[in-house]
Amino acid sequence: MDLLQLGSHSFSSRLILGTGKFSNAAVMLQAVRASGAQLVTVALRRFNREQAEDDLFGPLSTIEGVTLMPNTSGASTAAEAVRAAHISRELSGSAFIKVEIHPNPQHLMPDPIETFEAARILAKEGFLVMPYITADPVLAKRLEEVGCAAVMPLGSAIGSGQGLANAAMIELIIRESSIPVIVDAGLRSPSEAAHAMEMGCGAVLVNSAVAVAGNPPEMAEAFAEAVAAGRKAFRAGLMQKSGSAIATSPLTAFLGATL
Amino acid sequence: MITIELNGQQQPLPTGSTVSDLLSTIGSDGKSVAVLVNQQIIRPENRPTLMLQEGDQVELLIFAGGG
Chain A
1 MDLLQLGSHS
11 FSSRLILGTG
21 KFSNAAVMLQ
31 AVRASGAQLV
41 TVALRRFNRE
51 QAEDDLFGPL
61 STIEGVTLMP
71 NTSGASTAAE
81 AVRAAHISRE
91 LSGSAFIKVE
101 IHPNPQHLMP
111 DPIETFEAAR
121 ILAKEGFLVM
131 PYITADPVLA
141 KRLEEVGCAA
151 VMPLGSAIGS
161 GQGLANAAMI
171 ELIIRESSIP
181 VIVDAGLRSP
191 SEAAHAMEMG
201 CGAVLVNSAV
211 AVAGNPPEMA
221 EAFAEAVAAG
231 RKAFRAGLMQ
241 KSGSAIATSP
251 LTAFLGATL
Chain B
1 MITIELNGQQ
11 QPLPTGSTVS
21 DLLSTIGSDG
31 KSVAVLVNQQ
41 IIRPENRPTL
51 MLQEGDQVEL
61 LIFAGGG
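In order, the protein sequence lines correspond to chains A and B. Sequential numbering of the first sequence, starting at 1, is according to the working numbering. Sequential numbering of the second sequence, starting at 1, is according to the working numbering.
To be clear, the hints were calculated from the coordinates, so they are not data collected in a lab. Ideal placement from N, C-alpha and C gives every residue a C-beta, glycine not left out. Check each hint, because a few of them may be wrong.
Under 8 Å between C-beta atoms, here's a sample of chain A residues computed to sit facing chain B [unchecked claim]:
1. 28
2. 71
3. 86
4. 87
Here are the simulated distance ranges between beta carbons [as the list claims (entries may be wrong)]:
5. A:168 - B:12: 35 to 43 Å
6. A:80 - B:12: 37 to 45 Å
7. B:1 - A:218: 34 to 42 Å
Below are the DSSO-like pairs computed for lysine-lysine, each with C-alpha atoms no more than 30 Å apart in a straight line [said to hold, decoys possible]:
8. A:141 - A:232
9. A:124 - A:141
10. B:31 - A:141
11. A:21 - B:31
12. A:124 - A:232
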């Protein structure tokens, strides 16, 4: 069976779903179910007794086969991310942690230096570290060397819907990487997710594209189908590109000779 | 009475209140809440016995939506 391997965990779904920006928790839960995602991201925030329905731990833990992957969103340094990871592990009981350190709210680009440092510390502590990074093959390799379970280069800026703007760099990362490469952020349409999978990505992580779609559960299903199709195509082996036409039908000129 | 700082806001509590008492006061079963007292994580098994002190900084954190 074709499984996504992350540390000692394996998953049959290669679509990871984020839970932010949904209009309400019920729609989010429907989308998670429709997506078939087995890894779902969540974020830490302060408890607010007026908004108790924001607590997603209970509802998400009722969906069978779903593992939570908390993120360290809000951290702007490695130390803050490590701290968020420790708190998250207390809550989730899961060793998965998406290291996400973006100090600048204008572009939300990940800080490579702090991310590397946090990943190094957390991997040593036994976390399954999934760092959100810019599409940098050198950084990706360094993160693999310190024991990350996967690397998650961004397709384009978080929530931008600009798709696979970094496709060439992501291909380089895939070529060099021995751990799964997961495109995280920027995807807008299922076809982009299929493209990422055809390139050889291990999985894709989608949030906004589903959460703010006209019909989030349907879009979640569409992404699941696209990810599965892209993966199947990758495994089947895409044809080589050619600079010129290569005929698919015989070109022997028998018609001219006999008519 | 003592006053603690709960998620950045002043919260009066009866003297001798434990972390579990605080959770009941605010209507939380504590199952899906991470508790930090003065930046230390307080595990569920220690909450019934840990007594809060005047001026303690308590953070209660939950999982919310995020990508």
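To see whether the hints hold, each was checked on the structure:
With its C-beta approaching chain B no nearer than about 6 Å, residue 28 of chain A sits inside the 8 Å limit, and its interface hint holds. At about 5 Å, the closest approach between the beta carbon of residue 71 of chain A and any beta carbon in chain B falls short of 8 Å, and the interface hint on this residue holds. Proximity of residue 86 of chain A to chain B holds as hinted, the smallest CB-CB distance being about 7 Å (cut-off 8 Å). Taking 8 Å as the C-beta cut-off, the interface hint given for residue 87 of chain A holds, the closest approach to chain B being about 5 Å.
At about 60 Å, the CB distance of residue 168 of chain A to residue 12 of chain B disagrees with the hint of 35 to 43 Å. Against the hinted window of 37 to 45 Å, the Cβ-Cβ separation of residue 80 of chain A and residue 12 of chain B comes to about 30 Å, which falls outside the hint. For residue 1 of chain B and residue 218 of chain A, the hinted distance range of 34 to 42 Å is not satisfied, since their beta carbons lie about 54 Å from each other. Restraint check for residue 141 of chain A and residue 232 of chain A: the C-alpha separation of about 26 Å stays at or below 30 Å, so the hint holds.
A hinted pair counts as satisfied when its Cα atoms are at most 30 Å apart, and residue 124 of chain A with residue 141 of chain A qualifies at roughly 17 Å. Taking the CA atoms of residue 31 of chain B and residue 141 of chain A, the gap is near 39 Å; set against the 30 Å cutoff, the hint is violated. With a C-alpha separation of about 24 Å, the suggested pairing of residue 21 of chain A with residue 31 of chain B holds against the 30 Å cut-off. A hinted pair counts as satisfied when its Cα atoms are at most 30 Å apart, and residue 124 of chain A with residue 232 of chain A does not qualify at roughly 34 Å.
Going down the numbered hints, you'll see the structure goes against 5, 6, 7, 10 and 12, while the others check out.
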